[in-house]
Amino acid sequence: MSDPPRDDERELVARAQRDPRQFGALYDRHFQQIYRFVYSRVREQTAAEDVTSEIFMKALKAMPRYQDTGRPFAAWLYQIAVNAIADRYRTLRPTQPLEDFHDLSVAGPALEDLAAHRDEIRRIWGLVEALPTQQRTALVLKFQEDMKIEDIAVAMGKSPGAVKLLIHRGVSRLREEADALRPVE
Amino acid sequence: MNMRHDPELDDVLQDQELRRLGELLSSTRRAEPPLDEAFRSGLRRQLMQQAWNMSEGRPSLWRRVFAPPGLAWVGATAGLVLIAGVVVFWALQPTGGGFNQIYINSPMDGSNAVALQQPILVAFNQPMNHLTTEAAVQIAPATNVTFTWQLNNTLAVQPTSGNLAPNTQYQVTIGPTATTATGQPLNTAQTITFVTQPPAPPPPSPSPTPRAPVSPSSLLTGEHQVAPLGGIASSAVQWSADSSTVYFVNSSGALEGVLAKGGDVKVVAPDGVSSPAIAPAGDRLAYIRGGKIEVLTFAVGTTAEIAVTPAATLVGWVKDKLEWVAVDGLHTQGANGPTQLAALPATGIVSAVSFAPDGTHAVYRQDLKLFLMDLATAKSTQIGQANALFDGWSPSGAQVIYSSGDTLTISDVHGRSVGTLPGADASWSSQDAVLLGSETDLYQVRPDGSALTKLANGTYRSPMWAPNGTAFAFFRGGALWAASAPSLPPVPTTLDLTSAVVNSFMTARQKGQTDQAAAFLDDGGKQAYSSGGLNLVITGDPHFSRFYILAQTVTGFQPDTATFVVRLVLTHGKLDVADFEETLTVIRDATTRRFVIDQAAAGAHRDLGKGAEVVGVVVAADRIQVMFDSDLKADTVTAGMVLLDSKGQQVGDAATYTNRTVTIGGLKLKPGDTYKLVVLSTVQDVNGHNVAAEYDLSLVGPAATLEADLKSGAVAAPPAPASPTPTPTPTTSS
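Here the protein sequences line up with chains Y and R, keeping their order. If you read the first sequence in the working numbering, its first letter stands for residue 1, the second for the next number, and so on. If you read the second sequence in the working numbering, its first letter stands for residue 1, the second for the next number, and so on.
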């Protein structure tokens, strides 16, 4: 027995594979998250639009070859997105400042704590951006896009074990970098 | 500071500081990036254009024909034909050639479908003497007429009864005694021949081919965006019972509700929601959240949580009772707690899809196949072929819609296909209208495929009717929309449907299309036309030139049954010289739900031109109307026409006569009983000719519903309905 949202998605995918004109439903469903992911990587609206267009156009054309591996359809879209971003920015890095994070903490901290917390978050994410591409992608998909490791594996074309290793190495490197940046008390 | 804990990372980030960093990263989300909505919609248009280019199967023929370019060509062609016809007609008119020759002409000459409400026009190529010309006019069948002249050379011959007789071949002869205004005689008689239409416009019958788009613009009203969704998580929109509110799951998994007319979106449950289902009474809303069932009671605004094991994956209502699906099968809430209704297959990838509205069946998918389960017996039936997709239920739950390829199929609960519709996102309303939405347009159609009407161009994905059968919700872009659709035209009556079958059957025979004609026969009908002595295709001279339905009536239900008397006219040269009648019994096939001809019998040939002929019979429970092709001598009618019951006893009042129509009133015909209409040979036309021979017609009392329909005016009034069957006579064939 599979979960209902997945059943619903399978129906949409099956329809789009049978009739490309049905792809619009998948576009409506996934546009926002893919665009958000792309924008977070390229940090420029026009570039995000270009890459997002490329991703969905590639997805539409590749629909007949799509195979349901049991993972969400979004994982496949992220795979196309990761590759598209890599192709476009193979030699470039985002240059915009990292100022657009929202705190998801439930409890309301004191203002000074909150400011410190946000500062630390900004600093850590700044370090993420400096990580090697593979580690950076794995961390973004895990911590920003909230994806499961198996889905990240699909998106990155790696095994789940390799993704775990990338995450581990990435976070370990963050700790090292953070320690190095931490002011001496 | 609260951190989000992700168990998946426990074995990846085992070090406490690493875990803290992971939780720190998880505790943040980027703000929504700047987004130009024009980009979102523009990209969607590009994708859809690409999708159309990629689409392998071309649109069906009717879509192509009725697409704007196709329609333009059809219109242009029709226009050219009309223009060519007019040109040819006038080109063939005598040019006069001098006044030594007298020509007559009429636009009606040779026509086989002359309207009844018009005079007979006879044009001469020179001014005529009114008195001698009028005296020279002969009309068959016998008809009282008056004359009117236009410009001395065009004579309008007007039946005094007002209209021409239906289904009748007229011969209007101007005899040799007619003279011109200068006294020149016609010398030889000249005749105009034409055939009139049936007594009323053809009843609105479902055409096997869809109608063209009625209007290029939208027929919808009140179309508006209800709520932005930021994408679509599920197409499972639920309407409140009063059709005022829609509930949906947004892209974040939150269950939300909003007034259909628009307003603030209210959150019912903040996240993780699937399978929302509103109770038929509209008082409760059930949904699944975190594997548990939650039930919101609107009146008190409280939500009850029902923990079920195993976890629920689909929830629905049967009347006021909750039902759900879990990994081990289908369950319901019994008096003593959950009760398993049926188990689901234990092999393959199984997913439940939907409960029927009446709760008697459920649809589930096993691997690539779709199954319909009878919950009373737990017996499953596959519907469609592999890869079939579920598309919805009929409001009663007695039929299910599934799609395969470019076609929607309607199946009964036994898995038998009962009809097909063009492929699209479908929703079946309480008024038996099916919305067919797609990326590019919206159609409305009856479940039997009739009355297909294009409602609008544009994106109308996953339309969902409101309970009132007027409003509907749909998805466009990343938002939920609503609109109201116009009502479909009235549902065709059984007579509409059966007469369409009979007309198609007879037309195929007239064209010599044996295979097409045989397609309207079931086994009984085929036997009648093979070993039963009837000929499916009629050959020889005189030839089978036309037919018309003399009488028709619904004679039974379960199965729906109608009896038709069809008159087949045989023509030699241009003149109708004989006719005979076939009595056809049309029934609704239990499997296909289509009407087919089940029985057929033929009557004897009769020669025409020898007295008045019956050309139409209308039967109602309280009266019978018999239409003749000739004006009759009224005093011969009262004693010349009677209605007898099965015991030979006369029933009803004495026959009365007016305008070629004889009425026998004061009847109380019993449904299904047999009666006999007798037209004695003593009945005379206005020229003093007797009916050639006694004409007997067996009639069946109309079924009760038809009677009610007629009284209420629901059935397209006479002259269509009637029910006679000719007196059984030896079967003959031409």
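No lab work stands behind these hints, which were simulated from the structure alone. We treat Cβ as the ideally placed atom computed from N, Cα and C, and that holds for glycine. A few of these clues could be false.
Pairwise CB distance ranges (calculated) [unchecked claim]:
#1 Y/133 - R/484: 49 to 59 Å
#2 R/398 - Y/133: 42 to 52 Å
#3 R/45 - Y/66: 44 to 54 Å
#4 R/263 - Y/133: 45 to 55 Å
#5 Y/57 - R/263: 35 to 45 Å
#6 Y/66 - R/113: 52 to 62 Å
#7 R/113 - Y/57: 31 to 41 Å
#8 R/479 - Y/57: 21 to 31 Å
#9 R/319 - Y/66: 40 to 50 Å
Quick look at which bits of chain Y chain R covers, simulated, 3 or more residues with Cβ under 8 Å [stated by the list, open to error]:
#10 35 to 45
#11 51 to 62
#12 71 to 80
#13 126 to 134
#14 139 to 150
#15 158 to 172
Here's how the hints hold up against the structure:
| no. | hint | verdict |
| --- | --- | --- |
| 1 | Y/133 - R/484: 49 to 59 Å | holds (53 Å) |
| 2 | R/398 - Y/133: 42 to 52 Å | violated (58 Å) |
| 3 | R/45 - Y/66: 44 to 54 Å | violated (22 Å) |
| 4 | R/263 - Y/133: 45 to 55 Å | holds (47 Å) |
| 5 | Y/57 - R/263: 35 to 45 Å | holds (37 Å) |
| 6 | Y/66 - R/113: 52 to 62 Å | holds (57 Å) |
| 7 | R/113 - Y/57: 31 to 41 Å | violated (55 Å) |
| 8 | R/479 - Y/57: 21 to 31 Å | holds (23 Å) |
| 9 | R/319 - Y/66: 40 to 50 Å | holds (41 Å) |
| 10 | 35 to 45 | holds (count 5) |
| 11 | 51 to 62 | holds (count 6) |
| 12 | 71 to 80 | violated (count 0) |
| 13 | 126 to 134 | violated (count 1) |
| 14 | 139 to 150 | holds (count 7) |
| 15 | 158 to 172 | holds (count 5) |
Hint compliance for this structure: hints 2, 3, 7, 12 and 13 are broken, all remaining hints hold.
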